[in-house]
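**Q** Chain by chain, the residues:
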Amino acid sequence: MRVASMVPDIQYAMQKSQQALSVALQQVSTGLRVNQPSDDPAAAANMVVSLAESANVDQYTSNVSSVLPQMQTADSAISSVVTSLSSAITLGTSGANGSETAANRQALATQTGSVLSSVIAQANTSFQGAYVFGGLSSSTPPFAPASTNFTSTQGTVLFPLTATLPLTAGSVTTVSDAATGKTFAFTVIPGENISSLSTAIAGAASAGILSAGTTATINANGQLSISTNSSTAGIVVQSNDPVLGSMAASPGTEVANAYVYVGKGNVNSVQVGDSTSVAVNIPGDQLFTSGANVIGSLNGLITALQSGTTAQIGAATTAVSAALNYVSQQRIPLDNTISQLNDQESYLGQEKVTLTSQQTSLVGANLPEAATNLSQAELTNSAVLAAAAKVLPQTLLDFLK
Amino acid sequence: MASLSTSLSTAVQALMADTGALQVTNNNIANASTPGYSRQVAVFQEATPTNDGTSSVGNGVVLEGYQSVRDELVQNQIQQETQAQSGANAQLASMQQIQPTFTTSTQDIGTEMSAMFSSLSSLSTNPSSSSAGQAVLTAGQNLATAFNTASSVLTSQQAGLNTQVTQDVSQINQLTQQIAALNPQIAELKASGQDGGTIQDQQNQLVLSLSALTSVAVTQTDNGETLTTGNGTPLVVGSQSLALQTTTGTDGMQHVLDKNGTDITASLTTGDLGGTIQTRDHTITGLLSQLDTLANQFGSAINAAQAKGFDQSGKAGQNFFNIPTTVAGSAASISLAITDPTQIASSSDGSAGSNGNLANLSAVQKTALPAGQTPGDAYSSLVFQVGTLTSNANAESGAATSSLLQLNDRLSSVSGVSIDQESTNLITFQTAYEAAARVVSTIQQLFSVTLAMGTAAAG
Numbered sequence: 001m002r003v004a005s006m007v008p009d010i011q012y013a014m015q016k017s018q019q020a021l022s023v024a025l026q027q028v029s030t031g032l033r034v035n036q037p038s039d040d041p042a043a044a045a046n047m048v049v050s051l052a053e054s055a056n057v058d059q060y061t062s063n064v065s066s067v068l069p070q071m072q073t074a075d076s077a078i079s080s081v082v083t084s085l086s087s088a089i090t091l092g093t094s095g096a097n098g099s100e101t102a103a104n105r106q107a108l109a110t111q112t113g114s115v116l117s118s119v120i121a122q123a124n125t126s127f128q129g130a131y132v133f134g135g136l137s138s139s140t141p142p143f144a145p146a147s148t149n150f151t152s153t154q155g156t157v158l159f160p161l162t163a164t165l166p167l168t169a170g171s172v173t174t175v176s177d178a179a180t181g182k183t184f185a186f187t188v189i190p191g192e193n194i195s196s197l198s199t200a201i202a203g204a205a206s207a208g209i210l211s212a213g214t215t216a217t218i219n220a221n222g223q224l225s226i227s228t229n230s231s232t233a234g235i236v237v238q239s240n241d242p243v244l245g246s247m248a249a250s251p252g253t254e255v256a257n258a259y260v261y262v263g264k265g266n267v268n269s270v271q272v273g274d275s276t277s278v279a280v281n282i283p284g285d286q287l288f289t290s291g292a293n294v295i296g297s298l299n300g301l302i303t304a305l306q307s308g309t310t311a312q313i314g315a316a317t318t319a320v321s322a323a324l325n326y327v328s329q330q331r332i333p334l335d336n337t338i339s340q341l342n343d344q345e346s347y348l349g350q351e352k353v354t355l356t357s358q359q360t361s362l363v364g365a366n367l368p369e370a371a372t373n374l375s376q377a378e379l380t381n382s383a384v385l386a387a388a389a390k391v392l393p394q395t396l397l398d399f400l401k
Numbered sequence: 001m002a003s004l005s006t007s008l009s010t011a012v013q014a015l016m017a018d019t020g021a022l023q024v025t026n027n028n029i030a031n032a033s034t035p036g037y038s039r040q041v042a043v044f045q046e047a048t049p050t051n052d053g054t055s056s057v058g059n060g061v062v063l064e065g066y067q068s069v070r071d072e073l074v075q076n077q078i079q080q081e082t083q084a085q086s087g088a089n090a091q092l093a094s095m096q097q098i099q100p101t102f103t104t105s106t107q108d109i110g111t112e113m114s115a116m117f118s119s120l121s122s123l124s125t126n127p128s129s130s131s132a133g134q135a136v137l138t139a140g141q142n143l144a145t146a147f148n149t150a151s152s153v154l155t156s157q158q159a160g161l162n163t164q165v166t167q168d169v170s171q172i173n174q175l176t177q178q179i180a181a182l183n184p185q186i187a188e189l190k191a192s193g194q195d196g197g198t199i200q201d202q203q204n205q206l207v208l209s210l211s212a213l214t215s216v217a218v219t220q221t222d223n224g225e226t227l228t229t230g231n232g233t234p235l236v237v238g239s240q241s242l243a244l245q246t247t248t249g250t251d252g253m254q255h256v257l258d259k260n261g262t263d264i265t266a267s268l269t270t271g272d273l274g275g276t277i278q279t280r281d282h283t284i285t286g287l288l289s290q291l292d293t294l295a296n297q298f299g300s301a302i303n304a305a306q307a308k309g310f311d312q313s314g315k316a317g318q319n320f321f322n323i324p325t326t327v328a329g330s331a332a333s334i335s336l337a338i339t340d341p342t343q344i345a346s347s348s349d350g351s352a353g354s355n356g357n358l359a360n361l362s363a364v365q366k367t368a369l370p371a372g373q374t375p376g377d378a379y380s381s382l383v384f385q386v387g388t389l390t391s392n393a394n395a396e397s398g399a400a401t402s403s404l405l406q407l408n409d410r411l412s413s414v415s416g417v418s419i420d421q422e423s424t425n426l427i428t429f430q431t432a433y434e435a436a437a438r439v440v441s442t443i444q445q446l447f448s449v450t451l452a453m454g455t456a457a458a459g
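Quick note, the sequences are listed as chains A and B, same order.
Going by my numbering, the first sequence wraps up at 401, each residue one higher than the last.
Going by my numbering, the second sequence wraps up at 459, each residue one higher than the last.
Some hints could be false.
Unchecked claim - To give a feel for the contact side, a few chain B residues facing chain A, derived at Cβ under 10 Å:
id	residue
1	104
2	111
3	350
4	384
5	386
6	392
7	415
Note that these hints are calculated values from the structure, not bench results.
For glycine and all other residues, C-beta sits at the position ideal for the given N, C-alpha and C.
Given the sequences, and given the hints that come with them, work out the whole structure.
**A** Set out below in C-alpha cells:
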C-alpha cells in the first residue's frame, strides 16, 4: 500500500497508549478497577446492592450495640431482684419461727419493706433515660406508688371544675388499679366533658376493670377527684389533659407497700439481622405483677409479718419462693436473647468481612495486576513515543544534497 | 521526414509538459497538509507520430491536463463512518456528564436510600429519641435532594441537547447551501471534460462536514451531487439547497421539519444531529421516566407505610414525602412532607414509645415496588443502564474512530500527498526538463552548424 503520511496513525497510536496509561494509572492510584458505572456496568450495579447490604449490616451491628447494654442492664436488675427475694425468704423463714416475738416480726416486716423498696428500685431501673421494664412507655417509671385518691391540679373553690366542662379532644386519662391489675384509659373524643369521664369510670368499675366503687367526682375544692374504695391496693391516675392539669395523689391517701404498673404491656422489636428481630423492652407487669406476683407476694409477706399467724407467714414466704422461681424462669428468655445478640454481633462481623471482600472483587483492582498493567502501559507509551520520534522527522529531503 | 524544426518543437513541448508537471508537484507539496486535498497528477500523452509512409517517428509528449486522484467508494465509506462516529460521540458526551450522578458517592441516590433505612433502623432502638428522629428527617431530605439533583442533571442535559438540535440544523442549512453553490461549477467543468479538481475537493470536504452532522446519502448526477438524508428527504438537488427547519413540538422539544413541513425528527439517527435527537428523545427520556417511577413508587410506599402507623402524638401517620399525582416529574419535585421528628409514624398502636410501625417503613427496602423490583434493585438497574449506555457509546465511538483511521489510511494511500514521492517527482521532472533543455541547446548548435555551412558555401 502506498503510504502518504504516517502522522494520523502515529497520533492515533499515541492517543491509544496514553489512554491505556491513564486507565492503568487510575486503577493503581484509586485501587479500584471500576471507578464509574461504564467501567463495568454489571459490577457497578451489583455494587449498589452490596453497599446497601453493607449499610444494613453496619446498622444491625449498631443496633446490637445499643440494645445489648440495655438487655444486660435488665438482666442485672433481675439478678438483683432474685437476690432481694432470697433475702426476703430468709426474713420470712425467720418470721415463721414460732419463737419470734411480735416486735421482732415487726422489725422483720420493716426489713421486708426495705426489700420491697429495693425490688421496686430495680423494677424502675433505667438505661440511658429509658426504663427497661416500662414496656413501650419507657420515659416514666413503670411502677408508681398507689393511692386511694387522686385530685386534679386544675380547679379551685372560686373557679371550680364543673361536670359540663368540655375536656380536650385527644387527651388521655388513665386509671390503673392495683387490685384488679388493669388499666382503664379514657381518650376524649370531641364534645366529651368531665361528666363523660365520670360516667366512663363508673362503667369501668362495674365492668370489673376497676375496683367496685371507683368514682370520679368534683370535690369541695372544685377539683376532679378520682378515688377508690380499695384501701389495701389503691390506684394511680395519670392525665395529659390541660383542662384537668396533672393528677396528683392526695396527701395521706397513699397505700403502704402498694405499687401499680403504669408502663405499657407492649414490646418493641429491633431488627438485628435481615430476618432477625429481638424484643427489647420487657413489660414490667409480666415480670413483677403477673404469674407468681413478686410485688404482691412481698406485700403479702409484710402484711403477714405485721399481723399474721406463723402459718400465714409461712404461706406468704412460700409465695415469695414461688415468685423467686417465676422471676428466675423469666430470666431465661432474656439470657437467651443476650446470647443471641452476642452471636449475632459476631455473625454480622463475619458478614461485613464477606461483603467487603465481595465489594473488593466487584470493583477493586487486583493490585499486582494493576501495577503490571501500569508498567506495561508505560512501556508501550514510551515505545510509541520513541517510534514516533524516530519515524516522523525522516524525509527523503534529508538525504538529498 | 524528421527535421530540426520538428525536433525543436518536440523539445519545447517536453519543456512545457515538464513545467506543467513541476507545477502540479509544487501544488501537491503546497497542499500536503490541506484537509480534503486530493493529490493531482499531470496527465502526459504521446504526441501523434509522423508517418512518411515508410517509417513512423514519435512527436514527443503532450500535457493532456491535470487529474485529481480519488476513490469515491472510500470517500463514501468515510462519510458513512463519520456519521456513526458523530452520533456515538453526541451520546457519549451526554452520558459522560450524566454518569457521575449515578456513580456511587456520598450523595448518590443509592447511598442516600441506604442512609434513610439505616436511620429508620436506628430510630427503632429508641423511637422517642428526637435526635434519632431528626436523623430520619435529614436522611429523607437528603434522599429527596438526591432524586431532585439526578432529575435536574438529566433535564438540563436534555435542554442542552435541545439547543444543540437547533444549532445543528442551522449548520446543516449553511453547508447544504455551500454544497449546492458548488454543483453548477463542477457540472460545468465535467461537461467540458475536465476534472472537478479543487472545487470537487472543497465539495467533498463540505459533504464530510455535513456527514458529521447528519446522515447523508450522496448520488452523482449530471448536475453535480444530489444529497438526501437517510430517510430520503432531499437536502441538495443541483444548484438548489432545501433548508431544514425547526419548530417546538407538543413535547416542548425542537422538532426538525423538511422543506415541506413534514416532521422528520424520528428518522434522524446518525450524525451529531441524529445522536443528539436519539439521546434527547430516547436515552434521557427513558432514564428520566425510570427515575420518576422509582421516586414516585418509593415515595408512595413510604407514605403508605407511614399511614399504617401513628405519630408521637397518636395521630395517624401523614405523608412522609410530597409526591405529585402524576409519575412524570416525581423525581424533580419529591420533597419531605413532615418537618418535625414527632411526625414520624413510628408507633403501631398510637402509644408514644412504640416502634412497631418502623418495621413497616423499613420493610419498604426489601419489598418490591409496583414496577416489580425493590427500590435498591430498581436503582441498581438504573446504574447498570447508565453504565451500559456510556460504555456502549464509548465502544461505538472507539470502533468508528479506529475504522475511520483505516479508511483515511486507504484514502490517503490513493489521494494523499507523499512528500517523498513529490520530491522524487521533482527530481524526475527537473531532470526531464534539463534533458529537454539540452535538446533545445543541441538543436540550436546544430542550427548554427547548418547556418555556418551555408555561409561557408557563400563565402
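**Q** Confirm or reject each hint.
**A** Do the hints match the structure? See the list:
Given hint, residue 104 of chain B at the interface with chain A, holds; its Cβ is 6 Å from that chain's nearest Cβ, closer than 10 Å. About 7 Å separates the beta-carbon of residue 111 of chain B from the nearest beta-carbon of chain A, less than 10 Å, and the hint is met. Among the interface hints, the one on residue 350 of chain B holds; its C-beta lies about 9 Å from the nearest C-beta in chain A, closer than the 10 Å criterion. Annotation: interface hint on residue 384 of chain B holds; nearest CB of chain A at approximately 4 Å, less than 10 Å.
Proximity of residue 386 of chain B to chain A holds as hinted, the smallest CB-CB distance being about 5 Å (cut-off 10 Å). The interface hint given for residue 392 of chain B holds, since its Cβ lies 9 Å from the closest Cβ of chain A, which is under the 10 Å cut-off. Interface hint at residue 415 of chain B: satisfied, since its Cβ lies 8 Å from the closest Cβ of chain A, which is below the 10 Å cut-off.
When each numbered hint is compared with the structure, no violation occurs for any of them.
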